[in-house]
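Number of protein chains: 2
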Amino acid sequence: MKKSTPAIKRIKPDLPGGFRDYAPADAIARQEMMDTIRKTFEGFGFDPLQTSSVQRTEVLTGGDADSGKIIFNIKGSQEKKSDSSLRFDLTVPLARFVADNPDLPKPFKRYQIGTVWRGERQQQGRYREFIQADVDIVGSSSIDADAEIAMIIYTVFKNLGIGCFVINYNNRKMLNMLPDFAGFSKNKLWDALRIIDKRDKIGEDGISEELQKMFTKTVADNILRFLSPSSLDILQGKGFTEYGEIATMFCQNTELDLDAVRKIFKLERYLVRGLSYYTGSVFEVLLPDAPEIGSVAGGGRYDGLVTQFTGQNIPAVGASIGIDRLYAAMEKLGTLKKKQTLTQVLILQLDVNLKNEYLAMAQELRNAGIATALYIGDDMSFQAQLAYAVKKEIPYAVIWGEREKKRGVVAIKNLAGREQKEIPRDDLLRYFRK
Amino acid sequence: MKKSTPAIKRIKPDLPGGFRDYAPADAIARQEMMDTIRKTFEGFGFDPLQTSSVQRTEVLTGGDADSGKIIFNIKGSQEKKSDSSLRFDLTVPLARFVADNPDLPKPFKRYQIGTVWRGERQQQGRYREFIQADVDIVGSSSIDADAEIAMIIYTVFKNLGIGCFVINYNNRKMLNMLPDFAGFSKNKLWDALRIIDKRDKIGEDGISEELQKMFTKTVADNILRFLSPSSLDILQGKGFTEYGEIATMFCQNTELDLDAVRKIFKLERYLVRGLSYYTGSVFEVLLPDAPEIGSVAGGGRYDGLVTQFTGQNIPAVGASIGIDRLYAAMEKLGTLKKKQTLTQVLILQLDVNLKNEYLAMAQELRNAGIATALYIGDDMSFQAQLAYAVKKEIPYAVIWGEREKKRGVVAIKNLAGREQKEIPRDDLLRYFRK
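Chains A and B supply the protein sequences, listed in that same order. In terms of the numbering used here, the first sequence opens at residue 5 and continues consecutively. In terms of the numbering used here, the second sequence opens at residue 5 and continues consecutively.
Okay, chain A solo, but in the shape it has when bound (with noise of 0.2 Å):
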């Protein structure tokens, strides 16, 4: 008796809201694009580090109710409770390490490029899952230290071919003289810089308006005074003094002149960054060609990296690249030389008796570097495995049968091109390797 098979249920084959595969051409173009960032990373001599995605929730929020509200927790499906979560950012699983790893040489200069998860509330057009690229010098105060960061991100966007691209650089040593120059007391600071944070949405005009309802028409006329250009000749505090110095090292890292330097590395007193842990720089990399985009990179020193697990205070500057949202913007510039595959070379199978010599000229062209395929698909019809080549855009099909072997030919077809040109078998190595 034959036993019956059960009625198989069909799952849907959907992915949760928020998350999303990337098909071959965008991984393609997207590993392309982080492996340039890991290289600029490496030259300026930093190194790999590699954390745990999952944390402890404690560590992820520091207690901090804000951050707990965009995490998302892990639990195992036979554990009753946990509290475990995912990493929201790379930046706290590195000051977990650090302060767990408190003999590490200093300046510790390392990299990531890692998946972050954030578990807010779902939102038209929102990912909960992405990639950032993160540099951060840790134990050095040194301003050479801000400056570095603020070239790598330069080297960046220069080696990525990303031709339009501004560094918009403040100091929070300068926003945080506003108190003493406008008047109004230092526990009001955040509530004005949340303020002065948002000239993108209301302007110049809604943030005075606003300040005036919080303080007075005096108070806010001081501190729009202060944030204007106008004001930089009567300021010679240490951000300024931050922001020259940079800008003079960022000369002898480019091919710029100061002037040229300043207008892609401005002062833009207006720029805040929402995290209270900055402490002095900060900046943020904007691409006036897609600003619907929104800032595609942004960091700045904190100085307080682990104190809320050792109470020391360790100094560091760093920098995130969101990865996904570059990758939106490069889509968008036309930027992206996108493919379909990385491989080249397609060796029909037209003839079983060859296959032991079509799986040796494989062979031959993965030695010498060349990515190639033997074509291994159900259909071996001659029209099914070239119309495979076509639409995989492979660039390049061999064509070799009996015919052919018997003149000591080889035929390659161009299929972009759409030519075919017979070579000497011998010559095909040398014919690829061109």
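Simulated from the structure, these hints should not be mistaken for laboratory data.
The list treats identical chains as interchangeable, and a pair is accepted whether it falls inside one copy or across any two copies.
Keeping only pairs whose Cα atoms sit at most 16 Å apart, straight-line, the calculated EDC-like set for lysine to aspartate or glutamate is:
| # | residue 1 | residue 2 |
| --- | --- | --- |
| 1 | K336 | D293 |
| 2 | K16 | D87 |
| 3 | K177 | E249 |
| 4 | K417 | D431 |
| 5 | K359 | E249 |
| 6 | K202 | E213 |
| 7 | K73 | D93 |
| 8 | K85 | E124 |
| 9 | K85 | E62 |
| 10 | K110 | D383 |
| 11 | K16 | D104 |
We have chain A; now place chain B onto it with these hints.
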């Protein structure tokens, strides 16, 4: 009145059990290993696919309670409940992607190197997060595809510089003949296979004993006869033919003759591999010099890839390399060249007036592809700077002060060799390029 700072609650910088970080020396070696694997996959014509780490729980378990046991559920901290979980392998997310993208050109050859999580109850020495490197061919039922996967695995281990490894091969089609050959009911096949799979633990005598308990002595003897090498001559089943075909193709992709191939690509008739979804070839890679590590890679043919989603049978064959296990094995075997840093040169900052020239020097080396750090620590003494280079194991330090500048030379300290020499300043780039 000064606002008093509230006492900060100290948080322990611990990782949850079963998770770990990889410090730079390990991260560098692991990255190199993954680069080699990726290049090998790409050389064979495979493209990257990046699937979401988070999947619907139902997609992951497929209604199978057993796989439900090993997953981590995730939940945004503001959500009441969640039906999402972290992937426990890279195969299920691939199956989902294939089912969701029916128009992919077939065969679809993709690789993915990614993190997976297992939410099992924590055990001594078992990790709950690890990286897998998967390579699969979807949409080809040809034995060429099985052979290609086997050869890729072979090439990966060769390229990683692992001298001694064995690929054990078996075929489910052969094992499926067992009930007819040995005279027991097909329904009992899985029970028999579960016993056979335990050879490493209980030996052939133990297997015989357990089989006798389940069946009769005659059946048990038949089963063992079926599994013995001498049965090869009497069996000419499909699975055995497939082993021979793959072995023959192996010869074309390597310098090995058939005898040598049979030693490294071994027919191992006791090999079952746990997963019930395999339908043909199964294999696993063992390192005879590190037997306690177990299999470091494995795979096979599973022609029911998307059945649970679409009801179709799409043929597929693939393999998965366990990066963490393999890394542990390589560490043990001493085949890893570990280094503390990728930085090749440290430029010391010895004179504050020369800062701009140090920056330019660093940039000169970087532009030539030499990973160069400029010392930017807080302790600027010569001793501290040199000690940093030594501790970080940076191969070379560049020493250049006012005195060297006047004489037009630069001193280069080889920190491993503990030797120092002077070269003309203009030769600096040439020196490191060599």
